[in-house]
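Build the full structure now, drawing on both the sequences and the hints.
2 protein chains.
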Amino acid sequence: MKKVKVGIDIGGTSTKFGIVDLNGNVLFRNSISSKTHSDVRYFMDDLSETIDRNLKELGTDVVLDGIGIGAPNGNIHQGTIEHAPNLVWKGIVPFIELFKDYYDVPMVLTNDANAAALGELLYGAAKDMKDFIVLTLGTGLGGGIVSGGKLLYGHNGFAGELGHITVNPVGRHCGCGKRGCLETYVSATGIKRTVYKLLADFTYDSTLRGISFDNLSAEMITKEAINGDKIALEAFEYTGQILGTKLADFIIHTDPEAIFLSGGLANAGDFIFKPALRVMEESVMPIFRGKVKLLPSGLNSQDAAIIGASSLIGLKM
Amino acid sequence: MKKVKVGIDIGGTSTKFGIVDLNGNVLFRNSISSKTHSDVRYFMDDLSETIDRNLKELGTDVVLDGIGIGAPNGNIHQGTIEHAPNLVWKGIVPFIELFKDYYDVPMVLTNDANAAALGELLYGAAKDMKDFIVLTLGTGLGGGIVSGGKLLYGHNGFAGELGHITVNPVGRHCGCGKRGCLETYVSATGIKRTVYKLLADFTYDSTLRGISFDNLSAEMITKEAINGDKIALEAFEYTGQILGTKLADFIIHTDPEAIFLSGGLANAGDFIFKPALRVMEESVMPIFRGKVKLLPSGLNSQDAAIIGASSLIGLKM
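Protein chains in written order, with the working numbering: chain A, 1 to 317; chain B, 1 to 317.
Some hints here could point you the wrong way.
To be verified - Label-pair distances were calculated between CB atoms; the ranges are:
id : chain 1 : residue 1 : chain 2 : residue 2 : range
1  : B       : TYR204    : A       : GLN78     : 49 to 59 angstroms
2  : B       : ILE226    : A       : SER14     : 58 to 68 angstroms
3  : A       : ASN215    : B       : PHE213    : 54 to 64 angstroms
4  : A       : GLN78     : B       : ASP214    : 47 to 57 angstroms
5  : B       : ASP205    : A       : ARG289    : 39 to 49 angstroms
6  : A       : GLU97     : B       : GLY149    : 19 to 29 angstroms
7  : A       : ASP128    : B       : LYS230    : 49 to 59 angstroms
8  : B       : TYR204    : A       : SER14     : 55 to 65 angstroms
For the record, the hints were derived by calculation from the structure and aren't laboratory data. Glycine included, every Cβ here is placed at the ideal spot set by N, Cα and C.
As structure tokens, this is what we get:
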């Protein structure tokens, strides 16, 4: 008999899952689209069929021990996903209640960035840390805060929704209903919006002028930055600066040893890390200067949230 | 034999202390100036003489069990006060190391607002809460954050220095070396600066025009607001609005059940609470709307930090 857990990472674009052994090794990984089914039950049909098929492929002696789920606006206290701006399911989705129709095993659901932070703490680059923050820069921007060795959940289960810190109260419209939220600038979608703003503001030649908003991706912007495209380079500088000013504020709240950047936009490396670190150091309260590391995730970026989500099962909180 | 603890609250203007019994009752309170002695050892001479005299007055059977100290930029890991903008002692002051020359009892030092938060948790209005924030609005603005029932200290011992969140990177000069920090707007000193800005901007008659900056206090501004003085009323509105926008950001970090305002400026009641709450609700991410209480301290404002500081002794952290 081989006990396994399933870790599910629900993102705005795709839902990744992994079958993980009790030591945090991903035995199998797969994904389905998060956007195809506007009724969450059809999504669950699709997801559970895929998981079941993959579990069978691992052998007949495999026993499912539990399912951990990371999702934007995930509420650990209620097992719900609530008003997630970047998901197609609106309102309050009682995810665990509904998913119990598919599996009779322990289930825990939390914010996707909380799951990534747990992964970092248990199996990643934060193994020896007690105080750190993980930011996931994907379709949106998620935050997971570990302080004194514990993941912070808060009174309503929504601690760390750092994508919705205000950068500019009359700035870009955000899916959450506010304006000028951090994730409208600093995320894979945010940098696309910035590229379009810069294409409007400047007259530089750029291959990015030939790509529609829908077809543009953070990876393409990184590729053009490597090629020296002025619009792409300026987009990273603009994004990194905004991130840096807010990192300086984040530090003051929980005084972390390190801040980890993960997800699509973080894969751009120095293009995003350099301006963010420079402005963070310029902007932070002097007693913190030079003390906080800005680091990439220590986990395969594909696996961080999956491993973290699976580790919700059996965890004492 | 009667065991007591001493709780010391070092503020920018005065240092208050109390002799506290093991149930959190303040048996005796007193204060000395924080500004008279630029050499911290002379300050300690003065402080210890006053404490010793007051201990004697309580009777010969009194035994000192420990001393807890709250101070701006207090570092619980090191027992130091580091680069506190609002104190006359500059650089890093090894407070506990020096104070050991005066008392051979257990001593713990932390951020003054952390001490106030502990007081609120153990004996005040947060007794039944696990997630809350205390803001002390005195000479500066201090923050103490409790999450999951634990006070957050952070990696360097400086978590919760919320007075130094940036409101405006090219705004008012702050004692910390930065510009536009929250405490340059929202504190007893901040509202004085705002009154002076408004006296410059507007032509309204105001009795505040007859008072020098040095003589002006938050209490006077409150008194004039009660009298309907336009400058005083506008100063509170301006201060409350800035506070409200930042409270909306604070909520996102740790998802508190309540935020407590204590200290001199909080005594202005509705003048500060009303605009702060209104703007907090307007600015906060919709999933938190209507969920976070903005409350006055449940402790006599004079005693919160003293009781909290004394409770550092014997506390498991």
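Hint by hint, here is what the structure shows:
Judged by the Cβ atoms, the range 49 to 59 angstroms given for TYR204 (chain B) and GLN78 (chain A) holds: they are separated by roughly 51 angstroms. A C-beta distance of roughly 59 angstroms is found between ILE226 (chain B) and SER14 (chain A), which places it inside the suggested range of 58 to 68 angstroms. The given range of 54 to 64 angstroms is respected by ASN215 (chain A) and PHE213 (chain B), whose C-beta atoms sit roughly 59 angstroms from each other. At roughly 54 angstroms, the beta-carbon separation of GLN78 (chain A) and ASP214 (chain B) lies within the given 47 to 57 angstroms, and the hint holds.
Distance hint check: the CB atoms of ASP205 (chain B) and ARG289 (chain A) are about 46 angstroms apart, consistent with the given range 39 to 49 angstroms. Between GLU97 (chain A) and GLY149 (chain B) the C-beta distance comes to about 27 angstroms, which sits within the given range of 19 to 29 angstroms. In this structure the supplied range 49 to 59 angstroms holds for ASP128 (chain A) paired with LYS230 (chain B), their Cβ-Cβ distance being about 57 angstroms. For the pair TYR204 (chain B) and SER14 (chain A), the beta carbons lie near 59 angstroms from each other, so the given range of 55 to 65 angstroms is met.
In terms of the numbered hints stated before, the structure departs from none.
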